[in-house]
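Number of protein chains: 2
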Amino acid sequence: MPPIEFIAFDADDTLWHNETTFTQSQNKFKALLAQYHTPEWIEDRLHANDMRNLPQYGYGVKGFTLSMIETAIELTEGRIQGSEIQQIIAWAKEMLEFPIQLLEPVASVIPQLAKSYPLMVITKGDLLDQEVKLMRSGLLEHFTHVEVVSEKRAANYQKVLKRYAIAPEKFLMIGNAVRSDILPVLEIGGRAVYVPYHSIWVHEHAELPRFHDGYYEIEHLGHLPALLEQIGR
Amino acid sequence: MPPIEFIAFDADDTLWHNETTFTQSQNKFKALLAQYHTPEWIEDRLHANDMRNLPQYGYGVKGFTLSMIETAIELTEGRIQGSEIQQIIAWAKEMLEFPIQLLEPVASVIPQLAKSYPLMVITKGDLLDQEVKLMRSGLLEHFTHVEVVSEKRAANYQKVLKRYAIAPEKFLMIGNAVRSDILPVLEIGGRAVYVPYHSIWVHEHAELPRFHDGYYEIEHLGHLPALLEQIGR
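Listed in order, the protein sequences are those of chains B and R. So for the first sequence, my numbering puts the first residue at 1; every next one is plus one. So for the second sequence, my numbering puts the first residue at 1; every next one is plus one.
Because the hints were derived from the structure by calculation, they are not lab data.
Identical copies look the same in the list; a pair holds intra-copy or inter-copy alike.
DSS-like cross-link-like pairs, simulated, lysine-lysine; straight-line CA separation at most 27 Å:
1. Lys170 with Lys115
2. Lys30 with Lys93
3. Lys162 with Lys115
4. Lys159 with Lys170
5. Lys28 with Lys93
Just chain B, same shape as in the assembly (with noise of 0.2 Å):
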């Protein structure tokens, strides 16, 4: 295979800490409403409505609160007071502001790997907060592009690597959604590494793919520059 000469990033849980916000949140929502139900059918009820407005909301913070509150009128039959609501609209304040929390080796790797690559971010959420985390990460002069997707389908890498002319064969993308960051990539003719992280949403959920040309699996970021060496320039 030739050499890979483009390295492209998905950002949360892969270069910082995102999912233990959202799960946090739910906690929190759990706990508002235990007075009417089970953690379990809360959880159920959220991820359900959360997956209903997914096509029209889009991914982030943004959709997931108003999920939370469609929930929890839903849950208490109306019975949910405003100062409870205005709880829930704070969380989401919270999780705008979160304090980004780097992956153990990332700000040393990705410091060490832009001098051998151009680099690139490929994330997808909500525009202006994915600009926001990156901005405060301190990782953002390390990447030549960014990109924000509203979905990580093939279409949609094919469009960023069509937009860079750069050829499948030489890009390599690094993630922890096997469903977003990997198979599509594969699909596409690209190579992808799978760096698991240790929760993952249910909506991300996919089966690895096994012997797969150009897949590759790392415990974590730390591993990369050897297994580019391994697979070569």
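Assemble the complex: chain B is given as a structure, and chain R must be docked to it using the hints.
Frame of chain B, contents of chain R only:
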């Protein structure tokens, strides 16, 4: 001045009606809270909250909806009912599903210009919502590039022009918002056509440039082909 080689359009209220759907929701919101406050005070408070939240939420329906909910709780001192907040969320979904109504001459002018120029859309707002609207508008095929940006500042235009290697003096931006579509483009040495829309969001208000090189004003998009003849290829 060199000939125009690249034409970009704002989307909301330039290609299709948009502000009207926000105004409609705002009118329903004022009616919902009519027993508590005067329409003027409700509008004032909503606008204040919307502006305060803008740096965190960014532009678009979801952020506006969260600001409506927050304002409703605040203005009723928490007495707003769950069913009423559910209504506000239903308006949001209506706004996201609202049928695209093209402005009068757009359906004929855009395909016509697409034969002679590469056309681009540069719009701000929720990424997914803007993509969906463009898809539903039936205009997508006529645009070579679509850029959704978090804010229309000079730096953002510069980034887009750099990405496609477009010289500012060969770039023409067309839009209804002086603050977002006209001034920043003139600032970076591009040219801009102001096409007023009958109503403008207070936030977008700005003084019109007078006698600025590369600034043009037309009554509606139907006059654009003639203007382009006049300022020359």
